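Visitor: Protein sequences appear in the order of chains A and B. The opening residue of the first sequence carries number 1 in our numbering; numbering runs sequentially from there. The opening residue of the second sequence carries number 1 in our numbering; numbering runs sequentially from there.
I should point out that these hints are in silico values taken from the structure, not numbers from a laboratory. Predicted model, so just to flag it, every value in this text is computed and none were measured. Careful: at least some of the hints might be erroneous.
Calculated cross-link-like contacts (lysine to any residue; reagent style SDA-like; alpha-carbon spacing at most 20 Å) [as the list claims (entries may be wrong)]:
{"#": "1", "chain 1": "A", "residue 1": "Lys245", "chain 2": "B", "residue 2": "Gly143"}
{"#": "2", "chain 1": "B", "residue 1": "Lys172", "chain 2": "A", "residue 2": "Asp30"}
{"#": "3", "chain 1": "A", "residue 1": "Lys68", "chain 2": "A", "residue 2": "Lys251"}
Covered stretches of chain A, going by a simulated chain B footprint (3 or more residues, C-beta under 8 Å) [said to hold, decoys possible]:
{"#": "4", "stretch": "218-230"}
{"#": "5", "stretch": "259-272"}
Pairwise CB distance ranges (calculated) [said to hold, decoys possible]:
{"#": "6", "chain 1": "A", "residue 1": "Pro77", "chain 2": "B", "residue 2": "Gly227", "range": "50 to 56 Å"}
{"#": "7", "chain 1": "A", "residue 1": "Arg311", "chain 2": "B", "residue 2": "Gly227", "range": "21 to 27 Å"}
{"#": "8", "chain 1": "A", "residue 1": "Thr257", "chain 2": "B", "residue 2": "Pro26", "range": "54 to 60 Å"}
{"#": "9", "chain 1": "A", "residue 1": "Ile242", "chain 2": "B", "residue 2": "Tyr127", "range": "31 to 37 Å"}
Ideal placement from N, C-alpha and C gives every residue a C-beta, glycine not left out.
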Amino acid sequence: MKAVSKEKLPALLEELAKEGTLYVPSSSGDMSRFVPWKSDIQIDLDHNTTMSLKGILFPQTEVLYDYKFGEENTVEPPPPGSEKIIVFGVRPCDVQAIRCLDEVFLTRTYVDSYYKEKRERLIIISLGCTVAEDTCFCKDMGVNPVEAEGADMVLFDLDGEYGFEEKTDKGKEIAKKIASQLSETSKKKPEAPSFSLQVNSKGIVEKLQKMFERPIWEEVSQKCIGCNTCAYLCPTCHCFDINSKNTEAMKGYKYRTWDACLGKDYALMAGGHDVRPSKVERIRNRYLHKLLFFQERYGMFLCTGCGRCLRECPAGMNIAGFINQLEGVTVDG
Amino acid sequence: MAKPTVAFFKFSSCAGCQLSVLNLEPVLLDLVGTIDIRYFVMAKRENFEGPYTIGFVEGAVTSPKELLELKKIREECSILVAMGSCACHGGLPSIKNYCGMTQKEMEEKVYTELWDLNSIPAYGIDYYVKVDAYLRGCPMDKGEFVELVKSALKGVNPLFRNHSICNECKLKENNCLLLQGIPCMGPVTAAGCGAQCPSRGRGCEGCRGPASDCNAASLARTFADIGLSKDDVVRKFRKYAGNTPEFSKGAEAL
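With these hints in hand, go ahead and build the complete structure from the sequences.
Guide: This is how it looks when you write it as structure tokens:
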């Protein structure tokens with residue numbers, strides 16, 4: 001396996017940054033996120049970031065097009081970018097999340113051009129996990145915690161050096177560019193870390209299919225305060241709202257912003273009808289979308305077990321705990 | 001097309017919302033270019049009688065005289081907007097409704113000349129008349145005011161989301177104040193201000209009134225858990241929108 005010593009990493013990143021915009025995980029205060037690389041940036045590869053890389057492909061606010069009324073009405077989408085987007089040190093749970101988003105935005109008749117344009121420029125360099133935090137449960141949601149499926153290149157922490165393995169054509173191309181920095185190592189890929197949080201997701205799809213009307217939803221939704229932290233931090237949550245803003249009388253722009261299903265206004269329709277009038281329906285919708293609906297449509301969980309929502313929920317909501325709670329639930333037939 | 005006529009009225013309040021309108025310097029001239037301000041005592045020497053297209057009302061109703069004026073204003077204005085927390089929910093003046101004194105006792109406590117006073121409990125204007133739009137907050141948010149005027153000019157409903165402040169706070173990536181033991185009304189208060197206070201490390205005061213489907217009773221218990229006395233919890237919920245059934249639940253939870 002090709003490898004680079006940890007001291008030589010900055011030089012390698014500098015080389016990568018020549019290929020396009022390079023994002024690396026970095027902390028400031030209590031938050032960590034992917035930020036554009038600069039030579040003086042402090043890289044944090046010890047923990048997963050608070051904010052996933054979702055925002056790079058699907059920004060919190062994104063202009064869809066500028067419009068103008070007049071003799072001729074015009075609509076002008078923003079010009080597409082041309083630079084490659086290289087994200088370094090993405091954890092396998094977040095790579096899995098990109099696979100989920102790909103399904104949503106790129107398959108089944110509808111293709112989201114704004115997502116697609118950025119996705120095509122994206123190169124994911126994943127970092128396998130050697131330590132699982134106490135909120136991690138990716139292996140129980142079908143993710144390989146060491147070797148992320150879907151990454152262009154995979155990195156392994158080999159004690160003192162990082163091993164590289166290219167997985168796709170994009171990855172091979174990047175590997176060529178940094179080949180001079182890499183040396184051969186005899187070390188082996190690390191073992192999967194041990195998880196303190198065990199989640200039993202076996203058979204929950206079949207179970208949840210029969211659990212639409214159950215008192216358990218009342219129980220689990222009690223604590224939720226509807227702040228939507230879970231959805232904003234979730235690497236797979238992808239709902240958005242579209243609005244327009246007039247900057248002048250006859251011109252303005254259309255934009256989309258993140259939206260999330262735990263606030264009351266989310267499902268409110270014209271005429272005041274609300275299909276999810278209380279927290280009970282809203283939590284049920286969120287959990288079923290993560291664990292059942294997405295499975296039925298795309299054959300994978302929409303939860304990747306990254307544990308962000310467990311860690312950051314101010315009310316202590318716990319989707320992992322909910323899955324384990326299902327063990328005690330019996331359904332007919 | 002004739003410019004829509006606009007009027008600004010004031011009842012029991014501090015005039016801060018009207019001042020916010022005047023503080024809109026970067027767009028104020030654009031604004032007066034699109035609307036015809038016919039009545040604005042704080043800002044103009046010449047003021048004209050109604051009817052008006054849009055009437056902005058600031059302040060709570062605290063006397064029969066104000067109530068009569070309000071009824072007349074309602075008849076004169078096609079669109080009536082409650083401007084600021086006093087007009088929306090009663091605001092700070094409504095604290096008196098829950099202080100345990102009679103109107104007469106309060107009058108004697110505050111004023112020396114009582115012969116012309118005739119006060120009533122403080123309520124937002126929708127307690128008495130139909131209101132078409134609300135500009136929440138103390139003072140009202142200038143951005144929302146401009147958005148409302150623009151929407152009225154276009155003939156569309158302005159989009160004001162009434163989900164909780166937490167949504168805006170979380171999008172700004174702030175750390176939760178409640179988790180640090182700082183009492184914050186964010187989880188029950190309607191968004192729109194951009195979570196201004198929590199973003200500066202201060203707990204939300206709830207000036208924008210209740211968010212849709214909020215759980216005030218639960219937040220009251222959380223306040224008690226982080227060390228607030230029962231009286232302090234009541235003060236939190238009775239400060240700006242104590243008249244609303246939602247915040248009353250918080251004030252009565254303990």
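Visitor: Please go over all the hints and tell whether each is borne out by the structure.
Guide: Against the structure, the hints come out as follows:
1. A:Lys245 <-> B:Gly143: Satisfied, since the Cα-Cα distance of roughly 12 Å is no more than 20 Å.
2. B:Lys172 <-> A:Asp30: holds (13 Å)
3. A:Lys68 <-> A:Lys251: With a Cα-Cα distance of about 4 Å, the restraint between A:Lys68 and A:Lys251 holds, given a limit of 20 Å.
4. 218-230: holds (count 5)
5. 259-272: It holds: at least three residues are needed, and the stretch 259-272 of chain A offers 5 whose Cβ sits within less than 8 Å of chain B.
6. A:Pro77 <-> B:Gly227: 50 to 56 Å: holds (53 Å)
7. A:Arg311 <-> B:Gly227: 21 to 27 Å: holds (25 Å)
8. A:Thr257 <-> B:Pro26: 54 to 60 Å: About 23 Å separates the Cβ atoms of A:Thr257 and B:Pro26, which means 54 to 60 Å is violated.
9. A:Ile242 <-> B:Tyr127: 31 to 37 Å: Distance hint for A:Ile242, B:Tyr127 holds at roughly 36 Å.
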